[in-house]
Amino acid sequence: MKVLIIEDEPALRASIQEYLEHQGYVCELAADFPQAIDKVNEFDYDCIVADIGLPKGSGLDIVKELKFLEAKAGIIIISAKDSLEDKLKGLELGADDYLTKPFHLSELNARVNAILRRKNFEGNTTVSFYEITIKPASKTVLVHNKSITLTGKEYQLLLYFIANQHRVVTKSALAGHLWGDEYDQAGSYDFIYTHIKNLRKKMLEAGGEDYIKTVYGTGYRFG
Amino acid sequence: MEKIISKQYTERVTGSGKINTMKLLTKTTVYFLLIMLPVFTAGAFYLYTKFNKEIKHETDEELVNDKLQWMRYLDSASVNNPVFSINTPEFNLQPTEKAAQSKHKLKGVSIYQEPENTYAPFRQLTQVITLNNKNYELVLRKSLIEKDDLIRNIVHVMLAAFGGLLAFVLLSNWLISKRIWKPFYRSLDQIQKLQLNKLEALVFERTATHEFNQLNAALGSMTSRIHQDYTSMKELTEDAAHEMQTPLAIAQSKLELLLQDDTLSESQQQSILTSYDELQRLSRLNHNLLLLAKIENQQFPVTEAPDLCKVVEKYLSLFEELIKEKELDIHTDMADTAPWPLHPALTDILVSNLLGNAIKYNYPQGKIRIKITTDTFSVTNTSQLPEIPANELFQRFKKHSSGYTNSNGLGLAIVKKMADSYHFHLSYQYQNGEHTFTTGA
Numbered sequence: 001m002k003v004l005i006i007e008d009e010p011a012l013r014a015s016i017q018e019y020l021e022h023q024g025y026v027c028e029l030a031a032d033f034p035q036a037i038d039k040v041n042e043f044d045y046d047c048i049v050a051d052i053g054l055p056k057g058s059g060l061d062i063v064k065e066l067k068f069l070e071a072k073a074g075i076i077i078i079s080a081k082d083s084l085e086d087k088l089k090g091l092e093l094g095a096d097d098y099l100t101k102p103f104h105l106s107e108l109n110a111r112v113n114a115i116l117r118r119k120n121f122e123g124n125t126t127v128s129f130y131e132i133t134i135k136p137a138s139k140t141v142l143v144h145n146k147s148i149t150l151t152g153k154e155y156q157l158l159l160y161f162i163a164n165q166h167r168v169v170t171k172s173a174l175a176g177h178l179w180g181d182e183y184d185q186a187g188s189y190d191f192i193y194t195h196i197k198n199l200r201k202k203m204l205e206a207g208g209e210d211y212i213k214t215v216y217g218t219g220y221r222f223g
Numbered sequence: 001m002e003k004i005i006s007k008q009y010t011e012r013v014t015g016s017g018k019i020n021t022m023k024l025l026t027k028t029t030v031y032f033l034l035i036m037l038p039v040f041t042a043g044a045f046y047l048y049t050k051f052n053k054e055i056k057h058e059t060d061e062e063l064v065n066d067k068l069q070w071m072r073y074l075d076s077a078s079v080n081n082p083v084f085s086i087n088t089p090e091f092n093l094q095p096t097e098k099a100a101q102s103k104h105k106l107k108g109v110s111i112y113q114e115p116e117n118t119y120a121p122f123r124q125l126t127q128v129i130t131l132n133n134k135n136y137e138l139v140l141r142k143s144l145i146e147k148d149d150l151i152r153n154i155v156h157v158m159l160a161a162f163g164g165l166l167a168f169v170l171l172s173n174w175l176i177s178k179r180i181w182k183p184f185y186r187s188l189d190q191i192q193k194l195q196l197n198k199l200e201a202l203v204f205e206r207t208a209t210h211e212f213n214q215l216n217a218a219l220g221s222m223t224s225r226i227h228q229d230y231t232s233m234k235e236l237t238e239d240a241a242h243e244m245q246t247p248l249a250i251a252q253s254k255l256e257l258l259l260q261d262d263t264l265s266e267s268q269q270q271s272i273l274t275s276y277d278e279l280q281r282l283s284r285l286n287h288n289l290l291l292l293a294k295i296e297n298q299q300f301p302v303t304e305a306p307d308l309c310k311v312v313e314k315y316l317s318l319f320e321e322l323i324k325e326k327e328l329d330i331h332t333d334m335a336d337t338a339p340w341p342l343h344p345a346l347t348d349i350l351v352s353n354l355l356g357n358a359i360k361y362n363y364p365q366g367k368i369r370i371k372i373t374t375d376t377f378s379v380t381n382t383s384q385l386p387e388i389p390a391n392e393l394f395q396r397f398k399k400h401s402s403g404y405t406n407s408n409g410l411g412l413a414i415v416k417k418m419a420d421s422y423h424f425h426l427s428y429q430y431q432n433g434e435h436t437f438t439t440g441a
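Chains as they are written, first to last, in full-length UniProt numbering: chain S, 1 to 223; chain F, 1 to 441.
Any given hint could turn out to be false.
Here are the computed distance ranges between Cβ atoms for each label pair [said to hold, decoys possible]:
# : chain 1 : residue 1 : chain 2 : residue 2 : range
1 : S       : Arg118    : F       : Gly433    : 49 to 57 Å
2 : F       : Asp262    : S       : Pro55     : 35 to 43 Å
3 : F       : Glu205    : S       : Arg118    : 48 to 56 Å
4 : F       : Ser265    : S       : Asn41     : 46 to 54 Å
Straight-line distance between alpha carbons at most 25 Å, and here's what the computed PhoX-like set of lysine-lysine pairs gives [claimed, not checked]:
#  : chain 1 : residue 1 : chain 2 : residue 2
5  : F       : Lys324    : S       : Lys171
6  : F       : Lys416    : S       : Lys81
7  : F       : Lys310    : S       : Lys87
8  : F       : Lys314    : S       : Lys171
9  : S       : Lys171    : F       : Lys254
10 : F       : Lys314    : S       : Lys87
11 : S       : Lys2      : F       : Lys254
12 : S       : Lys56     : F       : Lys234
13 : S       : Lys146    : S       : Lys213
14 : S       : Lys197    : F       : Lys324
15 : F       : Lys234    : S       : Lys81
16 : S       : Lys89     : S       : Lys56
17 : S       : Lys89     : F       : Lys234
18 : F       : Lys56     : F       : Lys103
19 : S       : Lys139    : F       : Lys371
20 : F       : Lys314    : S       : Lys153
21 : S       : Lys81     : F       : Lys254
22 : S       : Lys135    : S       : Lys146
23 : F       : Lys367    : S       : Lys213
24 : S       : Lys201    : F       : Lys324
25 : S       : Lys87     : F       : Lys234
26 : S       : Lys153    : F       : Lys324
27 : F       : Lys314    : F       : Lys371
28 : F       : Lys310    : S       : Lys153
29 : F       : Lys105    : F       : Lys142
Cβ-to-Cβ under 8 Å is the rule here; a few derived chain S residues that face chain F [as the list claims (entries may be wrong)]:
#  : residue
30 : Ser15
31 : Lys81
32 : Pro102
33 : Trp179
34 : Tyr216
35 : Thr218
It should be emphasised that the hints constitute simulated quantities derived from the structure, not laboratory data.
Even for Gly, the Cβ is constructed at its ideal location relative to N, Cα and C.
Using the sequences plus the hints, can you model the full thing?
In C-alpha cells form, the structure reads like this:
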C-alpha cells in the first residue's frame, strides 16, 4: 500500500511517515505544492494525506488535480484550520476525509486504513488478525470462525485496535475516535475501560487470545 | 452588535438631558410655519389698513360727489324759496347761523342703529352752504358697514392662504423627502443594517446631491477602513491560532511516537502521557479562544433553525456512557419541536457545553432536568459545588472548582458570548443545591 504524505512541516511529515511505515505502508513524501503535483502526476498512490496550507499552493488544488487525473487514491485532508467551510469545500471537491491538527497519529492511521478498505475492495474485504476476522461490509466479527456479537462501540474499538496493532494507543485517542471531539466537554474518559473490559471478555469467551494489553496508566496496546 | 451600538448611541444622546427628536423635515416645516405665521399676520394687518384707507377714500369721493349732486339740485329747487329742513341718517340739511364754509369737512362717526342696538361706522361730510342767502348745514353720511365684512374677508382669505400654504408645504416636504432625501435614508438604512462580516459588500451609490455624495464618500471610506481593520484582526486571530496548531501537532506526534518505546520506565511514560494530554488541553484552549473570537465577530450566520430537541437527544446519546457511569437520573420535558435560530455548529456547542457541565459537575446518582419549550431551554443539575457568584459566572478562565482538570474555564464564557452576540438571554439560578441555566429568545 503506497501513501503520499504532503506536508510542509518536516517534523510532522517525519512523524506521520514513521507511524504509517511501522503499520506496513510504503510512504512517499512531498514538502510543497509543486513537488506534490509532480508526484501525483507521475505515480499512483493508494492514499494521499494532504495538508491544506502548503508553500506555493493549496492542498485543495491537489484534490482538484487528483480528480482531474481520475486517480483512484483515497484523499485525507489535514488542516490546522478548524474551519467548516474548508472542510465542506474539501469534501465537496472529492476528498474522503478531513482531519484537524493536532491529531492523534493512531487516528490518522485508522482513517487511512478505513479509506483503503473502502477504496480498494469496495468494502468487500476482511480484516484479519490471527484468529480474528472482521467483515466490515456486514459488521460481523469472527473468532476462530465463530461469530461473536459486539456492540457498536466495541466493534469500532476492535477495528481501531487492529489498525493500530502493536502500538500504544492513548485513552484520549480512543475517546476521540469513539465519541468525537465533544467527549472532553463532559470530563473524564475512564468509562472507556468498561468497553475494553467487555470486548476483552467476549473475545476470551470465544476462545481468542487476550491481545489487549494495558500499558501502565497510559493506554492500551493491541497484539 | 448593531443593536448594541445603537443602544449605546441613544443612551449617549439622551443622557445629557431630555431632547425631543423629530425628523429633519418635520423640524424644517415647523420652523417654516413659525416664521410664516407673523409674516401672514403682518400681511393681513397691512392689507386691512390699505383696504380701509381705500374704502374711506372711495366713500369720501362718493360723499363729495353726492354733495355736488345735492347742491345742484338744491340750487334749482331754491326758486320757490322755501326753508329746508331735512333730517335723515344719510342726508341732513338744517338751517344754521354758522358762517358759510367754502370747503367740506370729512370725518368718521358712529351712529346708533336702532334695530341692531349697535353703533355702526359712517363717513360724514359736513359743510355750511348758502341757499337763497340762508346758511344751511349740510350733512351727508355713508355707511361703512362693509368694513366689518372686509376684515372678515381678509381674515378668511389669509386663513385660506395660510392653510393652503401649510398643505402645500407638507405635500412638497413629503415629495422632497420621497425624492431628495431618499439617498440619505437609503445610506442610513445601509449603516443601520451593517454587519461587520459583510462590510465589503457595502456600496454607497452616487446621488445627484453634492452633500449626500460627500456623506456617502465619507461613509464609504470609513466602512472600508473598518473592514480592513476587521479583516486584519480576524486574520491575525485565525493565523495565530493556525500557527499555534502546527507546533502543537508536531509536539503531540513526537510524544505519541515516543510512547511506543518499550524501553521507557513507567514514570517516564507517565511524564510523556501528561505532556501529551496537556498539549491536547492547550490545543482545545486555543480552539475555544478562536471560537470565542469567531462568535464575537458573528462569523456564524443564522441561516436555519435546527431543532433543539434533536440536538439534545443527540448529545444525551453521545454522553450516554458518562451518564451511566455516574448513574445520573435524567428527566426531560421537551416540546415536540423547538426550532432555534442559531448556526447548527453553535447549537451543538450550546447544548454540549450546558449538558457537559451538568454531567461533569454532578455527583454520582445525581439528577439532571432538561426542559425545552418552544423558546426556552433550561438545564438543571444537582452538584456539590456552591452557588456560583454572579460576578464570576461567565468570566473567562474562571474555574468554579478545583479537581476538574478537564475544564478550561471557557465553556460558560462561550455560551455567554453566544447569547450576547445572537441576542438571546442567559440566566443562572441556584436553589436547594441545584444549579439551573436558562436560555431563551
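Going through the hints against the structure:
1. S:Arg118 <-> F:Gly433: 49 to 57 Å: holds, 51 Å
2. F:Asp262 <-> S:Pro55: 35 to 43 Å: Holds - the Cβ-Cβ distance for Asp262 of chain F and Pro55 of chain S, about 37 Å, lies within 35 to 43 Å.
3. F:Glu205 <-> S:Arg118: 48 to 56 Å: holds, 54 Å
4. F:Ser265 <-> S:Asn41: 46 to 54 Å: holds, 48 Å
5. F:Lys324 <-> S:Lys171: holds, 19 Å
6. F:Lys416 <-> S:Lys81: holds, 24 Å
7. F:Lys310 <-> S:Lys87: holds, 23 Å
8. F:Lys314 <-> S:Lys171: OK: Lys314 of chain F and Lys171 of chain S at ~23 Å, within 25 Å.
9. S:Lys171 <-> F:Lys254: holds, 17 Å
10. F:Lys314 <-> S:Lys87: This hinted pair holds, its Cα atoms lying about 22 Å apart.
11. S:Lys2 <-> F:Lys254: holds, 23 Å
12. S:Lys56 <-> F:Lys234: holds, 23 Å
13. S:Lys146 <-> S:Lys213: holds, 23 Å
14. S:Lys197 <-> F:Lys324: holds, 16 Å
15. F:Lys234 <-> S:Lys81: holds, 13 Å
16. S:Lys89 <-> S:Lys56: holds, 19 Å
17. S:Lys89 <-> F:Lys234: holds, 20 Å
18. F:Lys56 <-> F:Lys103: The hint holds at about 18 Å.
19. S:Lys139 <-> F:Lys371: Between Lys139 of chain S and Lys371 of chain F the Cα gap is close to 37 Å, so the pair fails against 25 Å, i.e. violated.
20. F:Lys314 <-> S:Lys153: The given pair, whose Cα atoms are some 16 Å apart, holds under the 25 Å limit.
21. S:Lys81 <-> F:Lys254: Holds - the C-alpha atoms of Lys254 of chain F and Lys81 of chain S are around 21 Å apart, at most 25 Å.
22. S:Lys135 <-> S:Lys146: Since the Cα atoms of Lys135 of chain S and Lys146 of chain S sit roughly 12 Å apart, the hinted pair holds (cutoff 25 Å).
23. F:Lys367 <-> S:Lys213: Violated - the C-alpha atoms of Lys213 of chain S and Lys367 of chain F are around 36 Å apart, more than 25 Å.
24. S:Lys201 <-> F:Lys324: Since the Cα atoms of Lys201 of chain S and Lys324 of chain F sit roughly 20 Å apart, the hinted pair holds (cutoff 25 Å).
25. S:Lys87 <-> F:Lys234: holds, 19 Å
26. S:Lys153 <-> F:Lys324: holds, 15 Å
27. F:Lys314 <-> F:Lys371: Given that 25 Å is the threshold and the Cα spacing comes to 15 Å, the pair holds.
28. F:Lys310 <-> S:Lys153: Distance of about 21 Å is within 25 Å: holds.
29. F:Lys105 <-> F:Lys142: The given pair, whose Cα atoms are some 14 Å apart, holds under the 25 Å limit.
30. Ser15: Constraint on Ser15 of chain S satisfied, holds at 4 Å.
31. Lys81: At about 6 Å, which falls below the 8 Å cut-off, the nearest Cβ of chain F leaves the hint on Lys81 of chain S intact, so it holds.
32. Pro102: Since the shortest Cβ distance to chain F is 4 Å, the answer is holds.
33. Trp179: holds, 6 Å
34. Tyr216: Holds. Min distance 5 Å.
35. Thr218: Check passed: Cβ of Thr218 of chain S comes within 5 Å of chain F, closer than 8 Å.
When held up to the earlier numbered hints, the structure conflicts with 19 and 23 and fits the remainder.
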